[in-house]
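Student: Starting from the known structure of chain A, arrange chain B on it as the hints suggest.
One line per chain: the protein sequences are A and B, in this order. Here the first sequence is numbered in full-length UniProt numbering, starting from 1 and rising by one per residue. Here the second sequence is numbered in full-length UniProt numbering, starting from 1 and rising by one per residue.
Read the hints as simulated data drawn from the structure, not as lab findings. Mixed in with the good hints, there may be bad ones.
Copies of the same chain look alike in the list, so a pair counts if it fits in one copy or across any two.
[As the list claims (entries may be wrong)] Taking lysine-lysine and the DSS-like style, the derived pairs with C-alpha atoms no more than 27 angstroms apart in a straight line are:
1. LYS219 / LYS332
2. LYS238 / LYS37
3. LYS394 / LYS424
4. LYS383 / LYS161
5. LYS194 / LYS219
6. LYS410 / LYS465
7. LYS37 / LYS47
8. LYS139 / LYS373
9. LYS9 / LYS383
10. LYS137 / LYS127
11. LYS137 / LYS9
12. LYS129 / LYS139
13. LYS84 / LYS9
14. LYS127 / LYS139
Protein chains: 2
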Amino acid sequence: MAKDILYLKIAKAITEQIHSETLQFGDRLPSLRSAQKLYNVSLNTIKLAYMELESRSLVESRPKYGYFVSQTSQRKLALPSIAKIKESEIEKNPQDLIDKVFGTISNPDLTQFALGIPGKSFLPLAKLKKSIINVIKNKNDSGTNYEPVQGSEQLRREMAKWALVLEGKITEDDLVITSGAMNAIYNCLMAVTKPGDSVAVESPVYFGILQAIQLLGLKAVEIPTHPISGIDLDALKKALPKLSACCFVTNFNNPLGFQMPDENKKELVRLITEYNVPLIEDDLYGNLYFGAERPKPCKFYDEAGLVMWVGSVSKSLAPGYRVGWVAPGQFKERIIRQKLVQTVCSPSLYSDVIADFLEHGRYDHHLRMFRKKLYANYLQIQKSVTEYFPDNTKISEPKGGFMLWLELDKRICTEDLYDEALSKKINFAPGRMFSQYNQYQNCMRLNYALEWTDRVESDLEKLGKMIKNRI
Amino acid sequence: MAKDILYLKIAKAITEQIHSETLQFGDRLPSLRSAQKLYNVSLNTIKLAYMELESRSLVESRPKYGYFVSQTSQRKLALPSIAKIKESEIEKNPQDLIDKVFGTISNPDLTQFALGIPGKSFLPLAKLKKSIINVIKNKNDSGTNYEPVQGSEQLRREMAKWALVLEGKITEDDLVITSGAMNAIYNCLMAVTKPGDSVAVESPVYFGILQAIQLLGLKAVEIPTHPISGIDLDALKKALPKLSACCFVTNFNNPLGFQMPDENKKELVRLITEYNVPLIEDDLYGNLYFGAERPKPCKFYDEAGLVMWVGSVSKSLAPGYRVGWVAPGQFKERIIRQKLVQTVCSPSLYSDVIADFLEHGRYDHHLRMFRKKLYANYLQIQKSVTEYFPDNTKISEPKGGFMLWLELDKRICTEDLYDEALSKKINFAPGRMFSQYNQYQNCMRLNYALEWTDRVESDLEKLGKMIKNRI
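The shape of chain A in the complex, shown without the other chains (with noise of 0.2 angstroms):
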């Protein structure tokens, strides 16, 4: 038998596996070497024959882990839709509900669903607490000094170090060290805009980056975003000649979890250009993904120096470090500037430790074993909502990160849900936040960086109970 045809018939095997469930979404396949065996062909058979199902999206490979079976292969939910934004709609701002959820989130006996920080048990707290100390022993000044306006040049130097995914497009001298990712934005809108000009944003959008936009005095244009592929590029184009900046959350997009793909973030990059309008490019989760590689930021593909690529240590490693950065383009020492007189300098002792943990590879190490669990949580959080909630909900494909958003049935309101989960204990982000006009209303965000308890399991099981309630 032709090697050709039996990888096609292995290739047949193991779909029908799939199709009947046999084999689920997250499972295994047999390892080429046990496959290999079971099928008594050749290992090189085996490898096109996984290699089929891959191209089929059915099976994703995972360097290092082998192969597992796709989400689309068996997806039972459908992915949100696409919001009609219209400008004549009436503008609501989300800030009572963004206070009322931010009231709650220091709570310690809530299931946290609605945090957008990891659980403690994902972050590697005593090798932080190990390097603070030897980091403070050795500075001479007790970290009394000023450190450079730009940031410590050392932490600057590992990181551009680290940004393999710019393959040495930026150096040391290309980054400014700023307090968080949310910080680095507001300097960003700072920098480029002026009062009563206006500002793109994804839909739904981060609602921290719509405050930092209102705060300004800025206006934000919602552009429809596609749950798989991110900002709808022909909307974005009839805005531009209107507006002062973009602003997108390009890779594991808070709220939707997608990755905008290479040649959408190449386009996006070429009109950009074209219209001579910044981009701020919030890649904070960039780090968090699922998939084989790192994902390239817009920045990768940026020539003029319109990109202000932006990220932090806040999702991934010690949110209260408060330790971002910018690689701020042709902006730079606007930036600077900025940073000075807002807060003259970072302090030193964080950025000495977020630089060790660069230096000597625990960063990487902590960010191989985190992302194996986001992974986890995210399969067993899909699993759960599939299982509990209503057949008619949406739910969003993360390719990375750890929000999870959802679209309910018309008829819920997640507004009036929070009042009843939060009096079971349980917390989420209600979809309203993430739009300054009256939207979303039945959509909802959930964090999964939480340690996976059977507390966590029943309380979806709780929250799909209410929504089935409400229909």
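Tutor: Here is chain B on its own, set in the frame of chain A:
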């Protein structure tokens, strides 16, 4: 002989010693007990004599240390003059000059008269290090948790307890922690102004305040300022109807060093209340007093909640920690919102260290030593300037803090002098940095919070010679 004649005779004898320079500025008078034996009179008579001298400003009492010959008793150099600010004056942004001076302040080879922070030998570095290690050892979260946006409750509680000068008028609830005093000022400006608004400042004005005002698109209104009593209240009154805010350094002003008298503070608060104009009161030097007690801030007299009282530990304990605070009165919610959007929260470790320092009395202990050293240095620099600089040099009379303001002969351009001084490894802050107009070209600010070595002394001599050569 009647007591009242006796004490006057003793006062007269001492006055003559002062005038003949047997007793010189800064010298300590004999203790009450020694003087009692010396003059063979009752303790009470000596007390009366010393109080008489004090009432004539010939001596100053410093509780627990005794009586000292005062500066005014023997002042040889005149006070700086009050600038006449013409609105018609052409604006000349001092940014280029500020950048130039800032570019050299981390150069360890220079004698740093330009710096706005105390030298390392003035800070309790070992105790700070110990405190950091203790704090981090006890933190279960290794500092990764977010703090409340308003700031660490423990720090705010300790701050409120420690702010005795306000006599219990503020609680932890009234304070917001910021990233240093400049960050507090920036947030206060953001909270109460919009671009195009006018903000009153002193003249000469601390350049950081000027930079913040300009960066936010505001207009700085420079008000003539007296080197002893501060802002000219009549001039301010005329400007008030068109102001959106005032921003003053009321205690140990930077650069003039004055302590605004209590009656002026009361009147200032009365005026801003009448016109309903918020006052940002930058009181970050307030604890570095040379006199008997910590002066009251305007905040003490504020009933309407219009005074936003700003402080920090940057000038007195740990510049690089970036810990400041503001008691923003009626603008608290706006400040908290601004902070949330700008940085989410402060890093917790430094808050805990400062709280620890306050709680265990270490800050008080440090301040007592620090004030003594600063006062000694002030006497030193005052003497050296009097000795080495031309006789027509005008010199400020700081009542605390560590900044000296000099007004030189009209023919001197301190910007040119700066280059010559720098070539001899001496640094200072040229006067033009302290105005948006082309003013104070013959002025300079000297920092005297540096270890008083022979080199410092000889550098002042060199500086004096350079000036003399230019007349």
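Student: Against the structure, test the hints numbered earlier, and report the numbers of the ones violated in rising order.
Tutor: Violated hints: 2, 4, 9, 11, 13; rest satisfied.
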